[in-house]
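**Q** Protein chains in written order, with the numbering used here: chain A, 12 to 285; chain B, 12 to 285; chain C, 320 to 632; chain D, 320 to 632.
It is possible that some hints are incorrect.
As the list claims (entries may be wrong) - Selected chain C positions facing chain D (in silico; Cβ < 8 angstroms): (1) LEU370; (2) VAL403; (3) ILE426; (4) PHE515; (5) SER530; (6) PRO539; (7) ARG542; (8) LEU612.
Unchecked claim - Pairs of lysine to aspartate or glutamate residues, derived as DMTMM-like cross-links and limited to a Cα-Cα distance of at most 25 angstroms, are as follows: (9) C:LYS597 <-> D:ASP356; (10) B:LYS86 <-> B:ASP185; (11) B:LYS53 <-> B:GLU121; (12) A:LYS53 <-> C:ASP323; (13) B:LYS45 <-> D:GLU570; (14) A:LYS86 <-> A:GLU70; (15) B:LYS86 <-> B:GLU121; (16) C:LYS598 <-> D:ASP521; (17) B:LYS53 <-> D:ASP592; (18) C:LYS598 <-> C:ASP323; (19) A:LYS53 <-> A:GLU99; (20) A:LYS45 <-> A:ASP201; (21) A:LYS45 <-> C:ASP592; (22) B:LYS53 <-> D:ASP356; (23) D:LYS598 <-> B:ASP15; (24) D:LYS597 <-> C:ASP592; (25) C:LYS598 <-> A:ASP39; (26) B:LYS86 <-> B:GLU148; (27) A:LYS45 <-> C:GLU427; (28) D:LYS597 <-> B:ASP185; (29) A:LYS45 <-> A:ASP165; (30) C:LYS597 <-> C:ASP437; (31) A:LYS86 <-> A:GLU121; (32) C:LYS598 <-> D:GLU523; (33) B:LYS86 <-> D:ASP356; (34) D:LYS598 <-> C:ASP592; (35) B:LYS53 <-> B:ASP15; (36) A:LYS53 <-> B:GLU99; (37) D:LYS597 <-> B:ASP39; (38) D:LYS597 <-> D:GLU570; (39) A:LYS86 <-> C:GLU570; (40) A:LYS86 <-> C:GLU523.
FYI, nobody ran anything at the bench for these hints, they're computed from the structure.
All C-beta atoms in this analysis are idealised placements derived from N, C-alpha and C, irrespective of residue type, glycine included.
The chain contents come next:
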Amino acid sequence: MPVDVDAVVLSNARLSPDYNVLALAAPDIAIRAKPGQFVMVKPGRGDHPLLRRPFSVFEVLRDTGGVTGLSLLNKRIGVTTRTLFGLEPGAAVRCLGPLGRPFSPAAPPERAWMVAGGVGLAPFHGLAAALRARGVESTLFYGARSAGELFRLDAFRRLGVRLALATDDGSRGDHGRVTLPLERALRRLDPAVPLRLYACGPTPMMRAVTNLADAHGRRTEVSLEQVMGCGLGGCYSCVVPIRRGGEAPRFVRSCLDGPVFDGGTVVWDGLGAG
Amino acid sequence: MPVDVDAVVLSNARLSPDYNVLALAAPDIAIRAKPGQFVMVKPGRGDHPLLRRPFSVFEVLRDTGGVTGLSLLNKRIGVTTRTLFGLEPGAAVRCLGPLGRPFSPAAPPERAWMVAGGVGLAPFHGLAAALRARGVESTLFYGARSAGELFRLDAFRRLGVRLALATDDGSRGDHGRVTLPLERALRRLDPAVPLRLYACGPTPMMRAVTNLADAHGRRTEVSLEQVMGCGLGGCYSCVVPIRRGGEAPRFVRSCLDGPVFDGGTVVWDGLGAG
Amino acid sequence: MSVDLSVNIGGGLTLANPFIAASGCFGYGVEYAGVVDLGALGAVAVKGLFLDEREGHPPERIVETPSGMLNAIGLQGIGVRRFVAEKLPRLRECGAVVIVNICGSSIEEYAEVARILDGAEGVAAIELNISCPNIEKGGMMFGSSLRGTHDVVAAVRRVTRLPLIPKLTPNVTDVASFAVAARDAGADAVSLVNTFLAMAIDVETRRPRLSNVVGGLSGPAIRPIAVRMVHECRQAVSLPLIGMGGIMNAEDALEFIIAGATAVQVGTANFVDPFIWKKLLAGLTGYLRRHGLAGLTDVIGSLELPARNAPCA
Amino acid sequence: MSVDLSVNIGGGLTLANPFIAASGCFGYGVEYAGVVDLGALGAVAVKGLFLDEREGHPPERIVETPSGMLNAIGLQGIGVRRFVAEKLPRLRECGAVVIVNICGSSIEEYAEVARILDGAEGVAAIELNISCPNIEKGGMMFGSSLRGTHDVVAAVRRVTRLPLIPKLTPNVTDVASFAVAARDAGADAVSLVNTFLAMAIDVETRRPRLSNVVGGLSGPAIRPIAVRMVHECRQAVSLPLIGMGGIMNAEDALEFIIAGATAVQVGTANFVDPFIWKKLLAGLTGYLRRHGLAGLTDVIGSLELPARNAPCA
Ligand SMILES: Cc1cc2nc3c(=O)[nH]c(=O)nc-3n(C[C@H](O)[C@H](O)[C@H](O)COP(=O)(O)OP(=O)(O)OC[C@H]3O[C@@H](n4cnc5c(N)ncnc54)[C@H](O)[C@@H]3O)c2cc1C
Ligand SMILES: Cc1cc2nc3c(=O)[nH]c(=O)nc-3n(C[C@H](O)[C@H](O)[C@H](O)COP(=O)(O)OP(=O)(O)OC[C@H]3O[C@@H](n4cnc5c(N)ncnc54)[C@H](O)[C@@H]3O)c2cc1C
Ligand SMILES: Cc1cc2nc3c(=O)[nH]c(=O)nc-3n(C[C@H](O)[C@H](O)[C@H](O)COP(=O)(O)O)c2cc1C
Ligand SMILES: Cc1cc2nc3c(=O)[nH]c(=O)nc-3n(C[C@H](O)[C@H](O)[C@H](O)COP(=O)(O)O)c2cc1C
Ligand code: FES
Ligand code: FES
């Protein structure tokens, strides 16, 4: 069951002019959050903005006494993300969660490849930790605009994750899309080695990853970013057209049935303009 | 001409759980403000709350280099005053002014009696300073709920103002309304001594002062607190019924023709519920 | 002092308190069973149902606006039969008082949906959605004509004895005349308002923000208009009114109740705070205590109008 | 790159830019002469004028609501004759393009006011206020009936050649039909919207917050509804439309312009920021530059509607 807490900001680490990591004292949520789940956040009271916004749980925070909270990897794009960028420790943020259907973590001997674009990195810290706990060999394919926007690489390395990087400007890793190193790796991998992919990032990127993986006979779990009004199944705003079995596509609520979906079931053309 | 500045909060002195004095770096306004004039203030951007709120200029702030800003005496009653109470130094407040028609300061040998109720003290610091500069003998009749809400008495004493106090709970000065000491003083004063009264506070108090003074043949300038949408004469929200000469009462805009009016011209029954 | 929050919303239906989850803002209720004690609500109005399943509009389906939001969900739904089979039993288990919001593309469809519900166990009342701005056929088509309103209500009235509550659209010149038409056709109460037809444009792409171009505006932005409409209807009919539009807290609810609403629905606010219900109850109870009132019925329609006086007193 | 902001709002009237101060929100314009360069505005719509002086309603006349405000000023004003004698000369001096908003309790009064303005020097256009929610007689009475709208517009058309701009009320079921009626009666353009009839209640006293009980809602809260109405009118008539309702910045103005408005009015925002006009101009110019457009006319009505597709693509 999700809970709603008035979480105090523990710290706000600004990573770049657009990205920050906001640590929130929400242990009751953190302790239950599974990789890929999200929270619905509202930084201020009052009507402006009115609605909460969905954010992946980035890290589960711990000290010697146990779980102390969670963090969000936030990218400034509009009114709420701007506020979250600017918050100082001590401020309060309403935080409802954990919500949604998590990733299904691979199990050995299956390998796990995570493919992140930009802020799509957010759900993978938790997933990487879960994979490590299960002893799954994992790789993060991570694309960003430039080297300065490739964040927290060390944290992933510490979790034993191999890294394959790409930047739009070529300042680090492959010059171009994250699908470049991914495609190379897919081609190289022995088709007999069991592998599962996870993707989170811009819709076209998740679509490309799903198709690429599919061409190599691999399945991808994607974490979609639909606009969400409630996060609890109440409003039907967050739907995604999903085709299951041979049936016609159906709009399913990504706050309940997602945000993680089998990429192969997503009818990509039917997603919103985003 | 009024100007609009994004004024930085220089300090915020909390005087009680409801009152504070907010110092704003708005020298361009302060330098031109006359006693009784007001500013239209909006602490946040955005639509909530939407409109500015009117505040008297409390003090004109100076250092050795000259005028540095102005202060507001603020009382928490709703959304904007609550925000103004909570602001920290460095925050910005949009501030438009100076606006409205000021008091007409007495000149010797005329004496000046200021009658303040609660936050109605606000316009009198500036008036007291102007009166002192003109060498006018002045007294402040000041009523509040309790001794703890009689603010800045020293500042007025330093301006040579005599004080006559009253509190609702009798914790200081007369026990009851500020009209108690006022009435006593009016009765005692030689009718031949020229005197002008100024009143600011709750509407019933200003009305009582006007009537009391009138009964003793004295005129009162009152500073009315109408709800104001614009402060510039644009919206016609702030009207007060004024009877001039023998004519029928007319609604006049208190942001342009006031907030200071000759109390004897105000049709008190026609003021809003407040 | 104990206070009585119960209200009678007509057709013999008494609610333990006036707070109803608004249709379309609470799924089928069951989605909230883990978060909210459904039995503690006055009632739950479930998402609008047609006879058959519907897919609704493609995303984007919502967009935020100043103190409000637009939605163009397009009444995606599982159809009344699946609702009765799959959701109603669970709602009964939870002790929910269930108001079923129904839609139709024709009068026959409305009547058919109502007939099915009339035979189902656990339906407390039918809310007749003749006011949805988000579908091409039906919905507001009926609700924005007096004739259409009368005919749909009368047709449904013939097939069910369940309390019947037409839900009025605010997108009309004179909402009170629609309340009158609904009453004359046999309604037990009316609820108002549904959303205001509205739109938002992305100026960078010069495209509508909603896939359906237009959508319905809800939330605090519309509250003052909705309160006025309740006030107008109160003066035109003596039916119980169920008011809604931008209620975010007990004080907002009281505006509607004082204006004449017997009960209120809460939609958009529930998205912001799914735990709002306890706060609403506490706020209302506190108000009654503070004002020394024994029951909510003392507040309903208690608006004191000023004696009309000369402009310049 | 220089951009052309000028627009033709009908009746031969070209404005240097599309930004007009909304009636009732800018006094008689002269109040702002010290703050704003009146000649730099597209036009100034002055406060609604009757034939004679009016006192308006007692306070409280305004109340703030979520992202909006209610007003019930009651059209206090100095009457058209004093306006012509006392205000018009000063407005001319300031180089203002003056649109005079006129009211009446009868068709004859509207016509009489228009006749007086027709003979005055310095009136650029007449805006016909048939939509004020704040007076008992006249105003919305005409504006909420197609017949009334047609008759008032036709009567005023007969007495003046000045550009004639009826101002429509949003408090109707089908605003586009009113635009059609106005056009058929000889209007040169229509402006929309006036305020939404609304009310707010003080729950502690259980009294209306406005002395007049109801008032008109303006500000950002109404913007999505107003934009939708401009969009609807654009599809029904080819007259120039003057859009308004909650415009706070250039982007908001662009929503209206993209939806089909040739010019826009700014009311409530001017209370918040009397220096808004320069910001609006800068914002609009910046937009055109950024999008590589030579003139505003390229933007008017440029909304791209989606091809209607099956709900589930
Ligand atoms: C399950 C889920 C998890 C998410 N996790 C994260 C995360 O960990 N970190 C993070 O920074 N963001 C995350 N997002 C995206 C985040 O919710 C949006 O960035 C946020 O809602 C924007 O709010 P805003 O108020 O800042 O922008 P707004 O002011 O609401 O919007 C600004 C602009 O962005 C567009 N927009 C709004 N939401 C989205 C969206 N979801 N996708 C694309 N465009 C959008 C709007 O249409 C508008 O044009 C997640 C979204 C979902 C659904
Ligand atoms: C010329 C002038 C000078 C003023 N000077 C000062 C000053 O120096 N210091 C100060 O603290 N206040 C002053 N005020 C009053 C101040 O403007 C109000 O307290 C303020 O507008 C309240 O805003 P809010 O957002 O906090 O309250 P809101 O949330 O807007 O209102 C809260 C409640 O108070 C009522 N209310 C709002 N405004 C007024 C008002 N003016 N009078 C009575 N009730 C009201 C509302 O109806 C509502 O019930 C002055 C007013 C005027 C007209
Ligand atoms: C996302 C959404 C979906 C809605 N769906 C329905 C519906 O199916 N049937 C209906 O009668 N009203 C529907 N409504 C309208 C609400 O029930 C309510 O009338 C309106 O939102 C005003 O109340 P609010 O401001 O509290 O949300 C919907 C509203 C929203 C926001
Ligand atoms: C205080 C006030 C007074 C108004 N007076 C008039 C008026 O006299 N005539 C008129 O046609 N409209 C009047 N209006 C309506 C505005 O001109 C405008 O149509 C409406 O406020 C919507 O625009 P906005 O949201 O930008 O304010 C008034 C609005 C306000 C807020
Ligand atoms: S976000 Fe409301 S149903 Fe998914
Ligand atoms: S406050 Fe707008 S006219 Fe006085």
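**Q** Hint by hint, say whether it matches the structure.
**A** A quick look at each hint next to the structure:
Residue-level restraint check for C:LEU370 is violated (minimum Cβ-Cβ distance to chain D is 17 angstroms; threshold 8 angstroms). This hint is violated: C:VAL403 has a C-beta 24 angstroms from the nearest C-beta of chain D, more than the 8 angstroms allowed. For C:ILE426, the interface hint is violated, since its Cβ never comes within 8 angstroms of a Cβ in chain D; the closest pair sits about 20 angstroms apart. Of the supplied interface hints, the one on C:PHE515 holds, with its beta-carbon coming within about 5 angstroms of a beta-carbon of chain D, less than 8 angstroms.
Among the interface hints, the one on C:SER530 holds; its C-beta lies about 7 angstroms from the nearest C-beta in chain D, closer than the 8 angstroms criterion. At its closest, the beta carbon of C:PRO539 sits 4 angstroms from a beta carbon of chain D; the interface hint therefore holds under the 8 angstroms criterion. Among the interface hints, the one on C:ARG542 holds; its C-beta lies about 7 angstroms from the nearest C-beta in chain D, closer than the 8 angstroms criterion. Interface restraint check for C:LEU612: the shortest CB-CB distance to chain D comes to about 11 angstroms, outside 8 angstroms, so the restraint is violated.
For a cut-off of 25 angstroms, the pair hint linking C:LYS597 to D:ASP356 is broken: about 54 angstroms separates their Cα positions. Our distance criterion of 25 angstroms between C-alpha atoms is met by B:LYS86 and B:ASP185, whose separation comes to about 23 angstroms. In summary, the hint linking B:LYS53 to B:GLU121 is not supported, as the alpha carbons are separated by about 38 angstroms, beyond the 25 angstroms threshold. For the given pair, A:LYS53 sits about 34 angstroms from C:ASP323 by alpha-carbon distance, which is inconsistent with the 25 angstroms threshold.
Simply put, B:LYS45 and D:GLU570 have alpha-carbon atoms about 38 angstroms apart, too far for the 25 angstroms limit, and the pair is violated. Annotation: proposed proximity of A:LYS86 to A:GLU70 holds, straight-line Cα distance about 15 angstroms (limit 25 angstroms). A hinted pair counts as satisfied when its Cα atoms are at most 25 angstroms apart, and B:LYS86 with B:GLU121 does not qualify at roughly 32 angstroms. Restraint check: the Cα-Cα separation between C:LYS598 and D:ASP521 comes to about 20 angstroms, which is no more than 25 angstroms; the hinted pair holds.
A C-alpha spacing of about 10 angstroms is found between B:LYS53 and D:ASP592, which places the hinted pair at or below 25 angstroms, so the restraint holds. Of the pairs offered as hints, the one joining C:LYS598 and C:ASP323 holds, with about 17 angstroms between alpha carbons and a cut-off of 25 angstroms not exceeded. Our distance criterion of 25 angstroms between C-alpha atoms is met by A:LYS53 and A:GLU99, whose separation comes to about 15 angstroms. Among the hinted pairs, A:LYS45 with A:ASP201 is inconsistent with the structure: their alpha-carbon atoms are about 30 angstroms apart, more than 25 angstroms.
The suggested pairing of A:LYS45 with C:ASP592 holds, with an alpha-carbon distance near 23 angstroms, which does not exceed 25 angstroms. Note on B:LYS53 and D:ASP356: the hinted pairing holds, with a Cα-Cα distance of about 23 angstroms set against a maximum of 25 angstroms. The suggested pairing of D:LYS598 with B:ASP15 holds, with an alpha-carbon distance near 14 angstroms, which does not exceed 25 angstroms. In summary, the hint linking D:LYS597 to C:ASP592 is not supported, as the alpha carbons are separated by about 40 angstroms, beyond the 25 angstroms threshold.
With a C-alpha separation of about 21 angstroms, the suggested pairing of C:LYS598 with A:ASP39 holds against the 25 angstroms cut-off. Under the criterion of a C-alpha separation no larger than 25 angstroms, the hint pairing B:LYS86 with B:GLU148 is inconsistent with the structure, at around 29 angstroms. The suggested pairing of A:LYS45 with C:GLU427 is violated, with an alpha-carbon distance near 48 angstroms, which exceeds 25 angstroms. The straight-line distance between the Cα atoms of D:LYS597 and B:ASP185 is roughly 54 angstroms, outside the 25 angstroms bound, and the hint therefore fails.
Our distance criterion of 25 angstroms between C-alpha atoms is met by A:LYS45 and A:ASP165, whose separation comes to about 22 angstroms. For the hint pairing C:LYS597 with C:ASP437, the CA-to-CA distance comes to about 31 angstroms; that exceeds 25 angstroms, so the pair is violated. Distance hint between A:LYS86 and A:GLU121 is unfulfilled; the C-alpha atoms sit about 32 angstroms from each other, more than 25 angstroms. For the given pair, C:LYS598 sits about 18 angstroms from D:GLU523 by alpha-carbon distance, which is consistent with the 25 angstroms threshold.
Under the criterion of a C-alpha separation no larger than 25 angstroms, the hint pairing B:LYS86 with D:ASP356 is inconsistent with the structure, at around 36 angstroms. With a CA separation close to 36 angstroms, the supplied pair D:LYS598 and C:ASP592 exceeds the 25 angstroms bound. For a cut-off of 25 angstroms, the pair hint linking B:LYS53 to B:ASP15 stands: about 11 angstroms separates their Cα positions. For the hint pairing A:LYS53 with B:GLU99, the CA-to-CA distance comes to about 22 angstroms; that is within 25 angstroms, so the pair holds.
As the CA atoms of D:LYS597 and B:ASP39 are separated by approximately 21 angstroms, the hinted pair is consistent with the 25 angstroms bound. In summary, the hint linking D:LYS597 to D:GLU570 is supported, as the alpha carbons are separated by about 14 angstroms, within the 25 angstroms threshold. At roughly 36 angstroms between alpha-carbon atoms, A:LYS86 and C:GLU570 are farther apart than 25 angstroms, so this suggested pair is violated. In summary, the hint linking A:LYS86 to C:GLU523 is supported, as the alpha carbons are separated by about 20 angstroms, within the 25 angstroms threshold.
Against the hints set out earlier in the document, violations occur for numbers 1, 2, 3, 8, 9, 11, 12, 13, 15, 20, 24, 26, 27, 28, 30, 31, 33, 34 and 39.
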